[in-house]
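Enquirer: Sequence:
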Amino acid sequence: MSAETISKQISLKSQPSNIVLIEPFIEEVRMRLNIADEMYGNILVCVTEAVNNAILHGNKADESKEVVVSIQKEQNKLTCLVKDQGCGFDFNNLPDPTAPENIENCGGRGIFLMKHLSDLVVFSNDGSNVEIQFRL
1 MSAETISKQI SLKSQPSNIV LIEPFIEEVR MRLNIADEMY GNILVCVTEA VNNAILHGNK
61 ADESKEVVVS IQKEQNKLTC LVKDQGCGFD FNNLPDPTAP ENIENCGGRG IFLMKHLSDL
121 VVFSNDGSNV EIQFRL
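Heads up, the sequence shown stops at 136 in our numbering, and the numbers go up one at a time, no gaps.
Among the clues, some could well be false.
Said to hold, decoys possible - Pairs of lysine to aspartate or glutamate residues, derived as EDC-like cross-links and limited to a Cα-Cα distance of at most 20 Å, are as follows:
| id | residue 1 | residue 2 |
| --- | --- | --- |
| 1 | Lys-13 | Glu-63 |
| 2 | Lys-83 | Glu-63 |
| 3 | Lys-13 | Asp-62 |
| 4 | Lys-115 | Glu-38 |
| 5 | Lys-60 | Asp-90 |
| 6 | Lys-8 | Glu-74 |
| 7 | Lys-77 | Asp-126 |
| 8 | Lys-83 | Glu-66 |
| 9 | Lys-8 | Glu-27 |
| 10 | Lys-77 | Glu-28 |
| 11 | Lys-115 | Asp-96 |
| 12 | Lys-115 | Asp-90 |
| 13 | Lys-8 | Glu-23 |
| 14 | Lys-115 | Glu-131 |
| 15 | Lys-13 | Glu-66 |
| 16 | Lys-8 | Glu-131 |
| 17 | Lys-8 | Glu-28 |
| 18 | Lys-115 | Asp-37 |
| 19 | Lys-83 | Asp-119 |
| 20 | Lys-77 | Asp-119 |
| 21 | Lys-65 | Asp-126 |
| 22 | Lys-83 | Glu-38 |
| 23 | Lys-77 | Asp-37 |
| 24 | Lys-115 | Asp-126 |
| 25 | Lys-83 | Asp-62 |
| 26 | Lys-77 | Glu-38 |
| 27 | Lys-77 | Glu-27 |
| 28 | Lys-8 | Asp-96 |
| 29 | Lys-60 | Asp-126 |
| 30 | Lys-83 | Glu-131 |
| 31 | Lys-83 | Asp-37 |
| 32 | Lys-77 | Glu-131 |
| 33 | Lys-83 | Asp-96 |
Hint data in this document are derived by calculation from the structure and do not stem from the laboratory.
Generate coordinates for the entire structure from the input sequences, incorporating the hints supplied.
Expert: Shown next, in the form of C-alpha cells:
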C-alpha cells in the first residue's frame with residue numbers, strides 16, 4: 001500500500017449512463033495506491049451505489065444537475081465523497097432490505113451495501129452528501 005496522499009475528483013451530469021465513468025475513476029485510484037482486489041471491489045460497489053442514488057434519487061436524473069465524486073487518501077484512510085444537488089432524504093428512516101416484507105423489492109439495498117462494505121458511512125447536507133470511508 002502506497003503512503004502517497006492523493007486527492008481526485010470527477011463531476012458527472014445526472015444521466016444514468018454516466019455511472020459507467022465511475023469504474024475507470026476508481027481504477028486509476030486503485031493503480032496509484034496499489035489497492036488489493038477485495039478492497040477495490042468494495043470501494044467500487046459503494047461508490048457506484050452512491051453515485052447511482054445521487055443521479056436517480058437525489059438529482060432525479062435531471063441532466064442540468066451534477067454529481068461530484070471526490071476521493072482523498074490520507075495515511076491509512078480512503079474517503080469517498082459523493083455530492084448531489086437534490087434536496088436530500090431522511091437517511092435515518094430507511095426500510096430494512098433484509099426484512100421479510102422487503103426481500104423481494106428490486107431496490108433499496110444500496111445504502112445497506114455501502115454500510116456493510118465500508119468502514120463508515122456518513123450523510124450530511126440533509127442526505128445530499130454521503131461520505132464513505134475505508135481503512136487501508
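Enquirer: Please go over all the hints and tell whether each is borne out by the structure.
Expert: So, going through the hints one by one against the coordinates:
1. Lys-13 / Glu-63: 6 Å, holds
2. Lys-83 / Glu-63: Roughly 15 Å between the alpha carbons, so the hint for Lys-83 and Glu-63 holds.
3. Lys-13 / Asp-62: 8 Å, holds
4. Lys-115 / Glu-38: 16 Å, holds
5. Lys-60 / Asp-90: Holds, at roughly 16 Å.
6. Lys-8 / Glu-74: 12 Å, holds
7. Lys-77 / Asp-126: Distance of about 24 Å is beyond 20 Å: violated.
8. Lys-83 / Glu-66: Holds, at roughly 8 Å.
9. Lys-8 / Glu-27: Within the cut-off at roughly 12 Å; holds.
10. Lys-77 / Glu-28: Distance of about 17 Å is within 20 Å: holds.
11. Lys-115 / Asp-96: Within the cut-off at roughly 12 Å; holds.
12. Lys-115 / Asp-90: Holds. Lys-115 to Asp-90 sits at ~16 Å (cutoff 20 Å).
13. Lys-8 / Glu-23: 14 Å, holds
14. Lys-115 / Glu-131: Between Lys-115 and Glu-131 the Cα gap is close to 11 Å, so the pair holds against 20 Å.
15. Lys-13 / Glu-66: At roughly 5 Å apart (the allowed maximum being 20 Å), Glu-66 and Lys-13 satisfy the hint.
16. Lys-8 / Glu-131: Roughly 14 Å separates the two Cα atoms, so the pair holds.
17. Lys-8 / Glu-28: Holds, at roughly 10 Å.
18. Lys-115 / Asp-37: 19 Å, holds
19. Lys-83 / Asp-119: Given pair Lys-83, Asp-119 holds - Cα atoms ~19 Å apart, limit 20 Å.
20. Lys-77 / Asp-119: 10 Å, holds
21. Lys-65 / Asp-126: 17 Å, holds
22. Lys-83 / Glu-38: 25 Å, violated
23. Lys-77 / Asp-37: Measuring from Cα to Cα gives roughly 17 Å; hence the hint holds.
24. Lys-115 / Asp-126: 18 Å, holds
25. Lys-83 / Asp-62: 14 Å, holds
26. Lys-77 / Glu-38: 16 Å, holds
27. Lys-77 / Glu-27: Distance ~17 Å between Lys-77 and Glu-27 Cα, so the pair holds.
28. Lys-8 / Asp-96: 33 Å, violated
29. Lys-60 / Asp-126: With a Cα-Cα distance of about 16 Å, the restraint between Lys-60 and Asp-126 holds, given a limit of 20 Å.
30. Lys-83 / Glu-131: 9 Å, holds
31. Lys-83 / Asp-37: 26 Å, violated
32. Lys-77 / Glu-131: 12 Å, holds
33. Lys-83 / Asp-96: Violated. Lys-83 to Asp-96 sits at ~24 Å, over the 20 Å cutoff.
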